[in-house]
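Chains as they are written, first to last, in our numbering: chain A, 1 to 280; chain D, 1 to 280; chain F, 1 to 280; chain W, 1 to 280; chain V, 1 to 280; chain B, 1 to 280.
Everything hinted at is true.
Only part of the chain A face toward chain F is listed, based on derived beta-carbon distances under 8 Å: (1) A28; (2) L31; (3) R35; (4) R36; (5) P70; (6) L72; (7) L73; (8) T77; (9) V79; (10) H90.
Stretch by stretch, here's where chain F covers chain W in the computed footprint (C-beta under 8 Å, at least three residues): (11) 170-178; (12) 203-212; (13) 221-233.
Chain D residues, not near chain A, derived (Cβ > 12 Å throughout): (14) S95; (15) E119; (16) D200.
These are calculated hints, taken from the structure and not from any lab test.
Think of the CB as a built atom: it goes at the ideal place given N, C-alpha and C, for glycine as much as any other residue.
Number of protein chains: 6
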Amino acid sequence: MPKTPALQEVIDAAEELWPHSLAESWDAVGLVAGRRDAPVAKIHFAVDPVSAVVDEACDAGAGLLITHHPLLLRGVTSVDASDPKGAVVHRLIESGCALLTAHTNGDSAVGGVNDVLAEILGLRDQEPLKPAEEGLTEEGLGRIGSLEPGMPLGEFASRVFGALPSVAGGVRVAGDQDAFVQRIALCGGAGDSLITAAHDAGADVYITGDLRHHPASEARERARGGRPYLIDVSHFASEWLWLPAAAQALDRVLSERGYEVEVAVSGINTDPWDFVLTPG
Amino acid sequence: MPKTPALQEVIDAAEELWPHSLAESWDAVGLVAGRRDAPVAKIHFAVDPVSAVVDEACDAGAGLLITHHPLLLRGVTSVDASDPKGAVVHRLIESGCALLTAHTNGDSAVGGVNDVLAEILGLRDQEPLKPAEEGLTEEGLGRIGSLEPGMPLGEFASRVFGALPSVAGGVRVAGDQDAFVQRIALCGGAGDSLITAAHDAGADVYITGDLRHHPASEARERARGGRPYLIDVSHFASEWLWLPAAAQALDRVLSERGYEVEVAVSGINTDPWDFVLTPG
Amino acid sequence: MPKTPALQEVIDAAEELWPHSLAESWDAVGLVAGRRDAPVAKIHFAVDPVSAVVDEACDAGAGLLITHHPLLLRGVTSVDASDPKGAVVHRLIESGCALLTAHTNGDSAVGGVNDVLAEILGLRDQEPLKPAEEGLTEEGLGRIGSLEPGMPLGEFASRVFGALPSVAGGVRVAGDQDAFVQRIALCGGAGDSLITAAHDAGADVYITGDLRHHPASEARERARGGRPYLIDVSHFASEWLWLPAAAQALDRVLSERGYEVEVAVSGINTDPWDFVLTPG
Amino acid sequence: MPKTPALQEVIDAAEELWPHSLAESWDAVGLVAGRRDAPVAKIHFAVDPVSAVVDEACDAGAGLLITHHPLLLRGVTSVDASDPKGAVVHRLIESGCALLTAHTNGDSAVGGVNDVLAEILGLRDQEPLKPAEEGLTEEGLGRIGSLEPGMPLGEFASRVFGALPSVAGGVRVAGDQDAFVQRIALCGGAGDSLITAAHDAGADVYITGDLRHHPASEARERARGGRPYLIDVSHFASEWLWLPAAAQALDRVLSERGYEVEVAVSGINTDPWDFVLTPG
Amino acid sequence: MPKTPALQEVIDAAEELWPHSLAESWDAVGLVAGRRDAPVAKIHFAVDPVSAVVDEACDAGAGLLITHHPLLLRGVTSVDASDPKGAVVHRLIESGCALLTAHTNGDSAVGGVNDVLAEILGLRDQEPLKPAEEGLTEEGLGRIGSLEPGMPLGEFASRVFGALPSVAGGVRVAGDQDAFVQRIALCGGAGDSLITAAHDAGADVYITGDLRHHPASEARERARGGRPYLIDVSHFASEWLWLPAAAQALDRVLSERGYEVEVAVSGINTDPWDFVLTPG
Amino acid sequence: MPKTPALQEVIDAAEELWPHSLAESWDAVGLVAGRRDAPVAKIHFAVDPVSAVVDEACDAGAGLLITHHPLLLRGVTSVDASDPKGAVVHRLIESGCALLTAHTNGDSAVGGVNDVLAEILGLRDQEPLKPAEEGLTEEGLGRIGSLEPGMPLGEFASRVFGALPSVAGGVRVAGDQDAFVQRIALCGGAGDSLITAAHDAGADVYITGDLRHHPASEARERARGGRPYLIDVSHFASEWLWLPAAAQALDRVLSERGYEVEVAVSGINTDPWDFVLTPG
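Extracted from the complex, chain A is given alone in its bound form (with noise of 0.2 Å):
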């Protein structure tokens, strides 16, 4: 009969899934507060550790908040509470509910933030743009693969705006609406540093978050032919994605231990932008 797992036991679950190997050096993932004896019945996901997410799972009862993004990347020396980290801190320790980070890490693995945005993207033959140094050949940063068939640059746009949660800023595009696009490459959250990346295996269309006006103007100038076209969308929307996946495989690992946990994903948008003015 199923029971009720200790947070050390998520966490080795969630090390199955997300291994820290996989993590970038300059990273901080893993176990951010909580204590590992303390059962968790209840585990919340979300892309930010903010303070309306945090509300939302200590509100619900959570024992375990796994998000996305780390709290206290850059090292802190304090968590004093007039803080808005500090804040988070005191209100997780106050109401016993943990939080664990899988950023990097969660990016990089199989059946991470980036196989799942192929995935929904219809991607075949996906494999990484920046393959993992220590790995799987199928682990590892942003991802490439086809679409079968192919279809005009527009078309696939509204395919991208339509798998994504919808946030106010909806989808940039550079590119002809007209073009013809097969080989597709990709990376969830902020990929500037991926552009040369996608540009040199070969892709019509780049997809990513936070394109800022020097990175894709001079991607724009050095394109070949126009291509990697790119597909600017939101950081928060095709990092949310993952959740539902991440939750269901967490779930199901934990089941299989004979644990049985129930899970949420946060239906708090966090993504800053709440309205949008455009031409047309």
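Since chain A is already given, all that's left is putting chains D, F, W, V and B on it; use the hints.
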């Protein structure tokens, strides 16, 4: 009777408007290519020295192209024409068209990028967000000033949208459309680094371009009762506004010195985005 | 009628005694955990924020623990309770006990660690060994002053031994017991780095803690006719002396402001050593 | 018939025992002063090349002084005799006495400082705490091994006390006198940096010198059921133990090569402390 | 029937002779200016891309100038024609003359600067002084080989003097004219950094340019019985020798590929010195 | 009646002439070896502390050798006599001869290397090329002054040649022999780094030693109508000129203080070059 200036005489006039001493220490402003004794009868203005813009200027017979963004900011050891930047150098020199950059000096100057943006949006009593270390008190990065009268955020966002040249991505806003706003901070281009200055200066709204998820989200999390609200505009559009004013100012200074030139502003949209899909 | 202060009001009083501006640039002082609007009826003082001390304070119902040593000096990206420092953060927040650090600001201040040590040893006309860069001339690291009258080194060492709280390791002395000493330099805590300052200031004796073989040997080799002699005391004991005086001073400032608190000094010896074997 | 070696021949024999390749990269070992063709009839051994030791060696007519600690570790641009280190260089050269350093190579070697310490304390199956990057598996910094049979901590501390040359400061211990200990880690000299290695290797006790408050306290706070207990010994004493063994080993190697020398170990205690006051 | 190559085809031929992979990591070799599809009927070779040389090449109608020294080694953010280097870029592009650099790759290659120098001086069995990290064993910086038969230093210095193009400063020699020499090390250009390698390789003589007082004096002080003697030659002259051989080799490779070009070597002496006053 | 000074008294006199505070921050000047209470009856002056010079001084019974170049500029951890620098330390200490360095302080001082060179060449109104950061306005690196009357470059070069001690390499000149020159800049030793200062100061000629191909060629390329012309002299010779003046000045200061010493200037040429082959 007015005469055609040599390039050096145009540079002297530009120095009066956008002095070198206002450039940030990491920047590379001033003459990038050209012979200082060549006559300059036509001057072209643009944001980005990309190939389409350079072709436009050269085809129009311009003797000088003045851009906001530097061509060679990071330093090059080659101008090989098979590289996009080297191709621009070849086209310019082969066509006898000089290239002059007014970047952070053009941002900080009185009548520069930020002053023009503030004026078009109707601000009063504007002053720099980050005053120049050496210079007048009116000079520096960013501006902050007041709307008289104030208005709801949604109405002000529409004013911003209407004032900027139309680009695909439009204008994204974080905040409540009905909130009343009066104290406005802004920074043309990419102004992540001045978010805290806008907050500390008590702004109701902060307008800039290229805002990414993490800086925007952290600013939203730290906001005082939601303020400053954020308005994310096109990097290109926010700087383009300055071009007509800059062209007119340079024309005026040259006239006062007894020279006659023809000035033109590039009609090419170098915002990298072509179309956008948004909800609703 | 006296009232219970909120945490913020206690912090304001502490700032008057041990101002932030006196802390060294590498240090991390101030509020480490706690909610600034919580009432603080009991304040506990200790040298080290280790688990036994934190348990003592929480069990006593303290609303604030003030320690000399920082908990998170090097910056952390996690407060996982399976790590000793994370465990302390959990215990504090779960118990509603705040933590405040007064480290190098507590050393340098008038009435701080070094002043208390100098006073207890009977020094006169004491002044800092390394004056504060910004601050009063009475503020800074270490102290130097005079005994009136002077006495043999052995007798003075006994005075030091008697004045400090008793710890296993006792007091080690380098020098001739019968030598007459009068000019005394000292630095609470670990003062390797001020040995040369004590030498240059003409001290007969230098008292500090944690002196290692190489700095001590080099100082002995460079000594002028054997001076300064060295007295190595317990790092903990030399700083503990300050606690009762600090508690009393904070109590007084709060009283003057119309507040009433209960203060206590930890009775736990956090010197790491438990017993000692010595010759003779 | 045995003959007197030249300095170079003694250096060759020392290289066999304490090879240069075992020295840490930051260290400065080998010949510090002397002419390699000078005959060496007497060799003096000591821990520290301080003036009293150098005078002792020169007065005894030694042709070579071998010390554990380097004279010029940090690099000098002058040997001015008014500086203590320059005075040592003058005395050595004027007296025709060479100086050779065997520091971290002498620590790591088989039969080196750590091996001798382990043997005198009765350890079995000893191996390095931090194996040499290049070298035999028996070479490296620190040692860990087992007592057969184990014994109470208090009794083992007495054994340590009895084995070391007597210095004023004695031996400080952190832990319960009655606790049973068997697995012993040690590092001659100042071993702060190997505390974690001793912990991770499962030691019951870690013996070293110059332990300061913060490293010792953090180790106590992280200890597993109080282990490893800590024994803080004199930096000097822990290294002095090696000298008689080193002198004998070098004498033996030279004999095997057909040379005869007279060896002596310095009787000067260069521990900086002269007397101590302890409780009880 | 032979045809005129495009610039890209000449670059491919040059890559076969002086591969990019042989360049030092700090160097900037390859195409500096020019359009890769332009036809190249005449190729000019020189040591330095200074204005007189560039004018000579352009006036002769060359489509490509190949120099040993890089024009923009340190990276530029402007090619303003009022700067000497910018003036060169303008002259080249205006005249349709490309610029290609073969610097440390031209030094290290088989048949490169050092091989040509060794051959002209009559060395046998020459090999690199500092072999290339990646490449053939015959590739690398400097060369060392043997004279058969050996001869007095004075006679060998005369051979060096006679072999080099005449420059004002002539050839300076450190050593005894009558000493017999046979093993010769050399490095074209400025070879201070290989003096120790020449010494360690057992050279009787080391030939290079730009030797300064301190490196030369230290080498003389460390010399073994006076060897290696030093011969200081003109930096320019030692590299100029390679030009005719390089021109011929490139001509041959292009011929083999079915192309016809005209090659020429600059007659301009870019050694900076014009006359010299010497004793006797 | 005059008496023999102790070394400390000679050092005090030297400090008056060539104060420590004028040395560059990277330099190592002052006493390198010697006992400050030893009597100094004979003082030897030389440019380089090489073995032949040290032997000359010791054989002459000098109690002090004063050199321009430092012996241990880069810092040493050993003075092993099998190393050339260690051999010098042994010879000095064994012979009771001290070593004092006056390097960049000797360059910058009034009456120093550069002043003597300017005076011998007949300059008027000389001032430093790079004034000392702290010091008199007459102190600093390099000098610039005027010839009265001016003369052709060829004639001036002959004056330079005649003024310097004769060395094998002679004097190299870049420029037109018949050009009229009047404003002369100079820097004894190796003055690559002051070429731009000489150019900016409007010099007709710049005289220094150890000029290499690239700095000299770049200076020629940037020259204004060929100016400054360059005269490359022996590093050694340009500094040697100072020795007789320095010896005389020190003798005078000591006399004024009531001391009598014998001074001598080394006759050994430590220019590294022995003979030269030149065209014509």
